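Peer 1: Using the hints, position chain B against chain A.
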Amino acid sequence: EDKVVQSPLSLVVHEGDTVTLNCSYEVTNFRSLLWYKQEKKAPTFLFMLTSSGIEKKSGRLSSILDKKELFSILNITATQTGDSAIYLCAVPTYNFNKFYFGSGTKLNVKP
Amino acid sequence: DVKVTQSSRYLVKRTGEKVFLECVQDMDHENMFWYRQDPGLGLRLIYFSYDVKMKEKGDIPEGYSVSREKKERFSLILESASTNQTSMYLCATQTPGQGSGEQFFGPGTRLTVL
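Chains as they are written, first to last, in the working numbering: chain A, 1 to 111; chain B, 1 to 114.
Just chain A, with the same shape it has in the complex:
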């Protein structure tokens, strides 16, 4: 059965800390893995990863994929209160007709 598992489910840190969020997957005919950030409402796209070992970076956020071990990590350095959100990991089927989502990691950054 195809599935995506995220850990931890929730995390509380203080501003300035560095956090690592994990996403492991078992999806047939893997093509890509996507990270989203969800604040009060709709998830917004962060990264898409398709190749192992190539880091994607956007400001303080970065992500990398390991297709051999079937996982991805999302790193956030120098966290800010504005990083507080639910971070979702998703793996689409090869034709993008279906997306498997993890349960999300709820990050709370305290001042």
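Hint data in this document are derived by calculation from the structure and do not stem from the laboratory.
This structure is a prediction, so every number in the text was calculated from the model and none was measured.
Cβ coordinates follow ideal geometry from the N, Cα and C atoms, glycine included.
Treat each hint with caution, since some may be false.
Said to hold, decoys possible - Taking lysine-lysine pairs in the DSSO-like style, the calculated list, with each CA pair at most 27 Å apart, reads:
no.	chain 1	residue 1	chain 2	residue 2
1	B	3	A	98
2	A	41	B	71
3	B	57	A	3
4	A	3	B	55
Claimed, not checked - Listed next, the stretches of chain A that the computed footprint assigns to chain B, with coverage defined by at least 3 CB atoms under 8 Å from CB atoms of chain B:
no.	segment
5	38-47
6	86-96
7	99-107
Peer 2: Quick look at chain B alone, frame taken from chain A:
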């Protein structure tokens, strides 16, 4: 910019009522999805549609139906609402073969069934 809108942000209904949730997109995307989101369970797919009048069941279709009469509009119908359908409902769109593969989400409808 892709725009995905949902008919209501908040909705309160009574058990047994028929409920319509509407999603409209303005980017001519083929694929449209309905999810529900519950704490600790992430996003679970209810139904998706890959073309007008075409639909496929997702992981939790029981108690729901959908309608896609026009490409830009995808409706989720709760035939007889029950309290266990209290949830956040998210609509998303996506174009297959698009470079990034990302889904674009609407703002969500928080439905409470009393």
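Peer 1: Which of the stated hints cannot be reconciled with the structure, identified by number in ascending sequence?
Peer 2: none
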